[in-house]
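Chemist: For reference, the chains in residue letters:
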Amino acid sequence: MSASEETIKSRAVVRPSAPIVNRALDQISSVRVGVVTLVILVILSMSGMLILQQNVQGFDAYYVSLTPAERLVFGSLGLFDVYHSWYFQLTLLFLSLNIVLASIDRFPSAWSYIARPKVKGSRGWLLGRPENEIVEVAGRSAEAEAAEIESKFRASGLKTTVTNENGSITVFGERGRINRLGAYVVHVFLLTLFLGHFVSLTTGFDADVRMIPGSVTDEIQMIEFNLDKKEKFNVKLPFSIECTDIQQRLIDSRGTIDVTNTMDWRTQMKINDPQYGEMIADVSMNRPVNYRGYRFFQAQTIPVGNAREITLELTPQAGGEVITTKINRNGGTTLADGTKVDYTEFMPDFTFGGDGQPDTRTGEYNNPVAILNVTPPGGERQRVFAFAQKLADNVPVGAPKAGYKWRLAAFEKSPLAHVLSIKYDPFNASIIAWYVGGFGLIGALGFVFFISHRRVWAQVTDSENGGSEVVLAGEANRNQAAFGDLFKKLSEQIRGEERGNNDGRTG
Amino acid sequence: MEELDRLEERVTWQSYLPTIMVIVGSFAMLGLRMQMGDAFINDGALMMIALACYILAALFQLTNLYAPSSMAEKIGFFGAALGVFFNLSSWLVRWVSAYDHEIAIMRDSGNMENPWVFRYIPFANLYDLSLAFAFGAGVATLLFAQRRKFRILTAFTLPLAALILTLARFIGNEFIDLPPVLDSYWRPIHVGVASLSYGVALVCFGVAVIYLLKDRVKVEAMAIWSSIFGIAVIATVSKFSVFTEFVYRAGLFVPNEIGKKPFSAPFRLELPFAGPALAVSGVLLAGVIVAFLIYIYQHNEKARGIGHVLLKFALIAQIVSIGIVVYGIKAETNTQARLQAQLAADTGQYVTAGMAMAENQDLSVNELRQMTAKQQEQMGRSYIQANGDKLYTSLNTNPVEVASLITALVGTFFVMMFAFRTDKIVDRLPSLDSLDSLMYKTACLAFAGLAMLLITGAIWANESWGRPWGFDSKETGALVAWLTYAAFIHTRIARGWKGRSSAYFAIIGFLLVIFTYLGVSYLLKGLHSYA
Numbered sequence: 009m010s011a012s013e014e015t016i017k018s019r020a021v022v023r024p025s026a027p028i029v030n031r032a033l034d035q036i037s038s039v040r041v042g043v044v045t046l047v048i049l050v051i052l053s054m055s056g057m058l059i060l061q062q063n064v065q066g067f068d069a070y071y072v073s074l075t076p077a078e079r080l081v082f083g084s085l086g087l088f089d090v091y092h093s094w095y096f097q098l099t100l101l102f103l104s105l106n107i108v109l110a111s112i113d114r115f116p117s118a119w120s121y122i123a124r125p126k127v128k129g130s131r132g133w134l135l136g137r138p139e140n141e142i143v144e145v146a147g148r149s150a151e152a153e154a155a156e157i158e159s160k161f162r163a164s165g166l167k168t169t170v171t172n173e174n175g176s177i178t179v180f181g182e183r184g185r186i187n188r189l190g191a192y193v194v195h196v197f198l199l200t201l202f203l204g205h206f207v208s209l210t211t212g213f214d215a216d217v218r219m220i221p222g223s224v225t226d227e228i229q230m231i232e233f234n235l236d237k238k239e240k241f242n243v244k245l246p247f248s249i250e251c252t253d254i255q256q257r258l259i260d261s262r263g264t265i266d267v268t269n270t271m272d273w274r275t276q277m278k279i280n281d282p283q284y285g286e287m288i289a290d291v292s293m294n295r296p297v298n299y300r301g302y303r304f305f306q307a308q309t310i311p312v313g314n315a316r317e318i319t320l321e322l323t324p325q326a327g328g329e330v331i332t333t334k335i336n337r338n339g340g341t342t343l344a345d346g347t348k349v350d351y352t353e354f355m356p357d358f359t360f361g362g363d364g365q366p367d368t369r370t371g372e373y374n375n376p377v378a379i380l381n382v383t384p385p386g387g388e389r390q391r392v393f394a395f396a397q398k399l400a401d402n403v404p405v406g407a408p409k410a411g412y413k414w415r416l417a418a419f420e421k422s423p424l425a426h427v428l429s430i431k432y433d434p435f436n437a438s439i440i441a442w443y444v445g446g447f448g449l450i451g452a453l454g455f456v457f458f459i460s461h462r463r464v465w466a467q468v469t470d471s472e473n474g475g476s477e478v479v480l481a482g483e484a485n486r487n488q489a490a491f492g493d494l495f496k497k498l499s500e501q502i503r504g505e506e507r508g509n510n511d512g513r514t515g
Numbered sequence: 175m176e177e178l179d180r181l182e183e184r185v186t187w188q189s190y191l192p193t194i195m196v197i198v199g200s201f202a203m204l205g206l207r208m209q210m211g212d213a214f215i216n217d218g219a220l221m222m223i224a225l226a227c228y229i230l231a232a233l234f235q236l237t238n239l240y241a242p243s244s245m246a247e248k249i250g251f252f253g254a255a256l257g258v259f260f261n262l263s264s265w266l267v268r269w270v271s272a273y274d275h276e277i278a279i280m281r282d283s284g285n286m287e288n289p290w291v292f293r294y295i296p297f298a299n300l301y302d303l304s305l306a307f308a309f310g311a312g313v314a315t316l317l318f319a320q321r322r323k324f325r326i327l328t329a330f331t332l333p334l335a336a337l338i339l340t341l342a343r344f345i346g347n348e349f350i351d352l353p354p355v356l357d358s359y360w361r362p363i364h365v366g367v368a369s370l371s372y373g374v375a376l377v378c379f380g381v382a383v384i385y386l387l388k389d390r391v392k393v394e395a396m397a398i399w400s401s402i403f404g405i406a407v408i409a410t411v412s413k414f415s416v417f418t419e420f421v422y423r424a425g426l427f428v429p430n431e432i433g434k435k436p437f438s439a440p441f442r443l444e445l446p447f448a449g450p451a452l453a454v455s456g457v458l459l460a461g462v463i464v465a466f467l468i469y470i471y472q473h474n475e476k477a478r479g480i481g482h483v484l485l486k487f488a489l490i491a492q493i494v495s496i497g498i499v500v501y502g503i504k505a506e507t508n509t510q511a512r513l514q515a516q517l518a519a520d521t522g523q524y525v526t527a528g529m530a531m532a533e534n535q536d537l538s539v540n541e542l543r544q545m546t547a548k549q550q551e552q553m554g555r556s557y558i559q560a561n562g563d564k565l566y567t568s569l570n571t572n573p574v575e576v577a578s579l580i581t582a583l584v585g586t587f588f589v590m591m592f593a594f595r596t597d598k599i600v601d602r603l604p605s606l607d608s609l610d611s612l613m614y615k616t617a618c619l620a621f622a623g624l625a626m627l628l629i630t631g632a633i634w635a636n637e638s639w640g641r642p643w644g645f646d647s648k649e650t651g652a653l654v655a656w657l658t659y660a661a662f663i664h665t666r667i668a669r670g671w672k673g674r675s676s677a678y679f680a681i682i683g684f685l686l687v688i689f690t691y692l693g694v695s696y697l698l699k700g701l702h703s704y705a
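For the protein sequence lines, the chains are A and B, in the order given.
Start counting the first sequence at 9; every next residue gets the next number (our numbering).
Start counting the second sequence at 175; every next residue gets the next number (our numbering).
Calculated from the structure, these hints are not laboratory results.
A few of these clues could be false.
Stated by the list, open to error - Derived EDC-like pairs: lysine to aspartate or glutamate, alpha-carbon spacing no greater than 20 angstroms straight-line: (1) B:Lys435 / A:Glu483; (2) B:Lys672 / A:Asp260; (3) B:Lys435 / B:Asp274; (4) B:Lys435 / A:Asp260.
Claimed, not checked - Pulled a few chain B residues facing chain A out of the computed Cβ check, cut under 10 angstroms: (5) Val291; (6) Arg321; (7) Asp357; (8) Ser358; (9) Pro362; (10) Asn534; (11) Asn540; (12) Met590; (13) Ala593; (14) Asp597; (15) Ile599; (16) Val600; (17) Ile667.
Note that this is a predicted model, so its numbers are computed, not measured.
Glycine included, C-beta positions come from ideal geometry on N, C-alpha and C.
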């Protein structure tokens, strides 16, 4: 029997004449109502699984597949967003209330195991315990036998208390009594989790921001779902963010920049805060950055091919060695002859658009080209196209310019942009909820289920033949099988010692 | 049986020796794999040996149940240990194989990075999770079966572990390209906890079934539930076509790059005779339900007799149907021509396929609404034009369908077996009290495990997706299962629901765990669709 089981049985029965508030509180704090609430939560959660929710990818197709009647019924019942519906929130609130009231109601009884342990009991009560046995001891007084039993109990890790009442000595041993409070600790952590999550949801919001190297912004986009419509609102940040670099670590550098060929995405940004100054932050997958209650996460990419770093091969028109140089995205370099080269743009699949301007046909790396601004010493700035494929000199875009024939020898693939997701949680409530409440809950559950309150009583009385009689009884609030092993060991020790004395104990 | 309860041997550290040896042995296998390279036995073969061991161990324990023999009991127990050994070895060997597989690709492309070893832990897809789930079930069984009175548990839990491995076989052991979000230290923790807690929930389910049997729940009532499950499976496979059109259509694959999982095609191929055979099985199972309902509610012995005869016929029909499905898939050689003929006879299938393709393109509501049936048909026709000659059938196209059909068959088989010498087997089962106690213990463990699963998942989600909880279908599935076990524990406390009531709760809890494990991956959309 668990603490709660005993607690429930010991509760006073509320008479129908009790005030209505008391009766209502009694109902709300009952475990029965708690279980019913759990079942309602299960049903609501299941409905949210079976009816696709409006913020889940694929909702549009699902919504179209429904009949008008289904849309009307599900929509008016709030089933397309059941987890944010008022009745779901109310059920959660009611469950929290039930947990709080049930815990308050039952705590005094559980505390009595700690404050007033039951150190003795009548013979009948002891024989009513799940484990019990009577051992007759010859040739040893009750007092001597009780002392022996006490040492056996201690050797088995039990904390002992001995009481002597009218010649009947009771040796009481127990272990793990603190476990009686385990259920309350579990509920405290569960409430911490609920409360933290609730605070996080009500005080924070979700948004995203597109990061293209070189871009600076102090605005992020908050998204709101309303059935098949997604609305975005701009939210101003108290600081600005500048994307300084984006990187995509590929498994196979020859492959695509698809998610299937990706090990990680990394976005480097500079946070410029008028209040706290400047800082550099790196956001990678599974490694978010937390700054003033704003948590930045990798969310998605704009998978149009780009290059983080290009390697150029320059063949001087005047003859001489081929020059190889590397330039980072938005970066530049100066050649030995003073020519300034700036890497301004990258097109993965070069073509001419309808307006005759350079464009990209697709996002794939079919015909990559780096677009450069080249300024020769004392000359004018020129736009140069460095293609990966070898072009003949008579092709205009491939013709030598600024004294060099330009070729894109290699490049490090990266997408056009990263999209970071931002969670604003001003009180860090979700971290408190899940780290403190969550890990606390795990620990408390381990404490509840893996430790049991074990109690053993040995009532020793002098018998008429000059020996003594031991009524051994015990119980545990859980893991009865393991307690059975301990009880068996204790009873064997008491009987086994008797064999050593050769004075005829019987079990 | 009280005789079994008297076998109260005390649990000492030696009791855990078989489990310790199994784990140490599996790591020795891992060492061998690392020494010998890919010339060593592969994970798929080890998994098949584990499957065989589980089935054999269960058969020996069942033999021991009907014809008590300490030899059969020992073989059953050590067979189970061997099964767990091969199961864990398969999982560990797969870890090394996954590493070798990706490193080979990286080196070939000149990438000299050395990713951390946990990137390759086999917790990447449903195949990996199934291997781990079966191991969780096996090792939990082994730990609880250390008490001799609970060794009979092996006969009930290992067939389920074997079914999970069968499902894994049908899913296929191709490696997936790991999405970056999964490359986190939370993955081994979260998925490891999932597999172990699912395994304990399976054991809890096994104990609940044994409890119901011991508590003399009528085998006929069990037959009604297993038949309802069988009918539900037959009705839903092949997109509900068995009872509506009397045909069974198997899924089709289009090849992918070498070594990668093929793509599922939006078309299915009709298998000759499979539909009618499955429909007959369904009708026979419906007959079983009707006959046993009459027996239960009107105490009609004649209906009971008819029900048992129908149950036998239903078992035969299910075996034949599965045989036809498997043979039809394996023997298919003329896919393109047969599919063309099938589509010529029913052009509506182009529209259905086109609709599925459009849904997968993530179009907006307006775009989808504007799409006409003609356009959808055209999409279907274009697909066939481009891929028609590459399509092929495989058992791996419909892993859940085939595994569900086999599970329904196993359910019918077990119920039929329970009906045979029921009194004798009931006598040999442990006492109701000890079964109830074990059921409570395993439910508590499953509850604690699922709590860990939810919390580690939430923390990981907080680090990856920016929110700890998003009511994703897999998250919600696990939450629902957890709430069910919470209700189990609290009804026991508040209402004194023990024994049979608890057993029903344990069964519902496990069904919800299975729904989370499989249903979410195959039926619902969400962020966990890879597993």
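Chemist: Which earlier hints turn out false for this structure, listed by number in ascending order?
Modeler: 1, 2, 5, 9, 12, 13, 14, 15, 16
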